[in-house]
Amino acid sequence: MVNIRKHKNFCPMPWMHFYKDTDHTVKLCCNDRGAPLGNFQDSTFEEIRNNDEYKKIRKQFLNDERPERCKACWFDEDNGRHSLRTSFLSYTEENQEYTEVATDPITYLDYRTSNLCNLGCKICIPHFSSKLAQIFKNKNLHKVNKNNPLLDKDIDFYVDLHKSRVKLNDIGNEEVTTYGILSPFLSKIYFAGGEPILSDEHWNILDELIEKNYTRIKLMYNTNFTLLTYKGRNLLDTVKQFKEVVFNLSLDGIEKSFEYWRTGGKWQDIQSNLDYMKSVRDSGYDNVIIGVTSAVGWMNFKEVFRLHKYLVDNGYIVVNEKAETALQMQPVLYKGVSFEYTPKQIKDEILDCLDEYDEWRDSTFKSVKVLDNTSILRNLVNNSIHDEDKLDEWVKHNCALDDHFGTKFDNVYNFRTEGFNKYLQDKFNRFKV
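Letter 183 of the sequence shown, counting from 1, is numbered 183 in the working numbering, and no numbers are missing.
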C-alpha cells in the first residue's frame, strides 16, 4: 500500500471523481488539459474509468510524478495559489489503499450537460454555448479562434452538439463489486453546461436521485441565472430537499455591463431571481447557498468588483462560515483581454483596482477565510506582455459580436487612465464591421 501522505504531487481525483464534458467526452477534471479519456456516448462508466490511459495516470500519481495534462494545477501551485488538486487532498484517507485500478464508487460527479444555452456571451465559446456556435459560424469567428484547444472540431460539430444525447449508463447500479455513476456513496454533484437548467439530462438525474432517496448529496450549479423554471418545473422546489445546494452564479458584470457581456440576458431577470432565491433561503432553507463565479480580464475586472460588492452589500451572498468559496474568479479565454496581456498603459490602474478589491474583501470577511482570487491575477499583471496583435485580434472578434447584437463596448466601460479610452476606441473604429 502506497503512503500518499508522503507524496508531494498526489491527486485523489482519478479515484474519487468523474468528469463529463459538454461534448460528452471524459477527462480527469475540469482542469485537465490532455486528450479525452473516453466518450460517454459509446462507452460505459466502468469501461472508461479503468481503461489503460486512466490506469497510466493513476500510476504516475502513485509514483509521485506530475502528469503533463495536469499543468493547470501545477501552474496555480507554482504561483502560490491553491489548486483544484490541493482542494481535494482533504478527501484522502490515511488508510485508504490506492492502486492503478479504481474499485471504490466515485463520490464527486462533475456533469456538463451539453453546450445548450440561451445566451451568446461575449466571454464564451461554442464549446459552452449552442447560441454562440451558430453566431461563430455565421460570422466565421471560428477561423479567428482556431488555435483555441476547446475549438478543435469543425464549427458544425458545435452547432449541432446540443442535439446529441447520452444514455446514462449504470445509473444506480448497486451490485457488490461495482457502482454506477449515481450511487448511495455519491456526496457531491456539480452541474454546468451550457445552461444545465435547460437540459433534460439534468432533470432526469435529479429525479433518479430523489426516487432512490439519494438526497444526502451536495448539489452545485454553475448557471447564468436567467431562469429558474423549466417545462413548468421550479428548480428550487425540486432541489431544496437535498443536503446542500450551492448556486455559483455565472455573472461577469452588473446592470449594463452584465447585459453587454452576457448577451441576450436582462439584468432585471437576474435581479428578480436574486430576490426570489434570497427569500427562499431566508424563509428557513439555509441549505441554499448563493455564490458567484466570474470570468475576468483587464477589460471587465472593475465591473466584476462592483458586482461582488453589490451581492454582498445587499445580503445575497451571506458573510458566514459557508462563504469560503462564495466569491470566485476565473480568467477569460481570450488572450487579448486576459491579465497576462494587460496593456502597458493601464497596468497601474488594474493593480490599484486589485488592491482595492483585496482591501474590501479582507475588511468585509474579517472572520471568514475566503478564496484568494487576486494574488495570481496580480502576478500575471506584473509580468504581463503588451501584445498589439493579440489585442487587435480580440477587438476584431468583439466588433463582429457587437455588429450581430447591436451593442457597443464604449457604452459600458470607462478607464480612468488618460488617453486609454481613445486608444481603445480607435481600435474599435478601425475594425468596426
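Honestly, I wouldn't trust all of these hints.
With a straight-line Cα cutoff of 27 Å, these simulated DSSO-like cross-link-like pairs (lysine-lysine) come out [said to hold, decoys possible]:
1) Lys137 x Lys188
2) Lys188 x Lys256
3) Lys212 x Lys188
4) Lys427 x Lys344
5) Lys432 x Lys335
6) Lys432 x Lys390
7) Lys408 x Lys427
8) Lys427 x Lys369
9) Lys432 x Lys344
10) Lys432 x Lys422
11) Lys432 x Lys139
Computed Cβ-Cβ distance ranges for the label pairs, DEER-style [to be verified]:
12) Asp358 x Ala72: 19 to 25 Å
13) Thr99 x Asn411: 28 to 34 Å
14) Ser90 x Gln425: 25 to 31 Å
15) Gln345 x His82: 28 to 34 Å
16) Thr229 x Asn429: 41 to 47 Å
17) Thr103 x Pro36: 20 to 26 Å
18) Asp200 x Gln425: 42 to 48 Å
19) Phe405 x Asp200: 25 to 31 Å
20) Thr99 x Thr215: 40 to 46 Å
21) Asp389 x Thr325: 50 to 56 Å
In case anyone wonders, no lab produced these hints; they're calculated from the structure.
We put the beta carbon where it would ideally sit given N, CA and C, even for glycine.
Hint check results:
Between Lys137 and Lys188, the direct Cα distance comes to roughly 36 Å. Violation of the 27 Å bound is thereby established for this hinted pair. Proximity of Lys188 to Lys256 is assessed by CA-CA distance (about 35 Å); at most 27 Å being required, the pair is judged violated. Of the supplied pair hints, the one linking Lys212 and Lys188 holds, its CA atoms being roughly 16 Å apart against a limit of 27 Å. Note on Lys427 and Lys344: the hinted pairing holds, with a Cα-Cα distance of about 16 Å set against a maximum of 27 Å.
Proximity of Lys432 to Lys335 is assessed by CA-CA distance (about 20 Å); at most 27 Å being required, the pair is judged to hold. Distance restraint check for Lys432 and Lys390: the Cα-Cα separation of roughly 17 Å lies within the 27 Å cut-off, and the hinted pair is therefore satisfied. Distance hint between Lys408 and Lys427 is fulfilled; the C-alpha atoms sit about 13 Å from each other, no more than 27 Å. A threshold of 27 Å between alpha carbons decides the hint, and for Lys427 with Lys369 the separation of about 42 Å lies outside it, so the pair is violated.
The straight-line distance between the Cα atoms of Lys432 and Lys344 is roughly 24 Å, inside the 27 Å bound, and the hint therefore holds. Of the supplied pair hints, the one linking Lys432 and Lys422 holds, its CA atoms being roughly 15 Å apart against a limit of 27 Å. Using a Cα cut-off of 27 Å, the hinted pair Lys432 and Lys139 holds, with the two alpha carbons roughly 13 Å apart. The hint said 19 to 25 Å for the Cβ distance between Asp358 and Ala72, and at roughly 23 Å that hint holds.
Checked against the hint of 28 to 34 Å, the C-beta distance between Thr99 and Asn411 comes to roughly 58 Å, which is inconsistent with it. The beta-carbon spacing between Ser90 and Gln425, approximately 49 Å, falls outside the hinted interval of 25 to 31 Å. One distance hint, 28 to 34 Å for the beta-carbon pair Gln345 and His82, holds here, with the actual separation near 32 Å. Checked against the given bound of 41 to 47 Å, the beta carbons of Thr229 and Asn429, roughly 42 Å apart, stay inside it.
Range check, Thr103 to Pro36: about 23 Å between beta-carbon atoms, so the 20 to 26 Å window is met. Restraint check, Asp200 to Gln425: a C-beta distance of roughly 45 Å satisfies the suggested window 42 to 48 Å. At roughly 28 Å, the beta-carbon separation of Phe405 and Asp200 lies within the given 25 to 31 Å, and the hint holds. One distance hint, 40 to 46 Å for the beta-carbon pair Thr99 and Thr215, is violated here, with the actual separation near 32 Å.
One distance hint, 50 to 56 Å for the beta-carbon pair Asp389 and Thr325, is violated here, with the actual separation near 36 Å.
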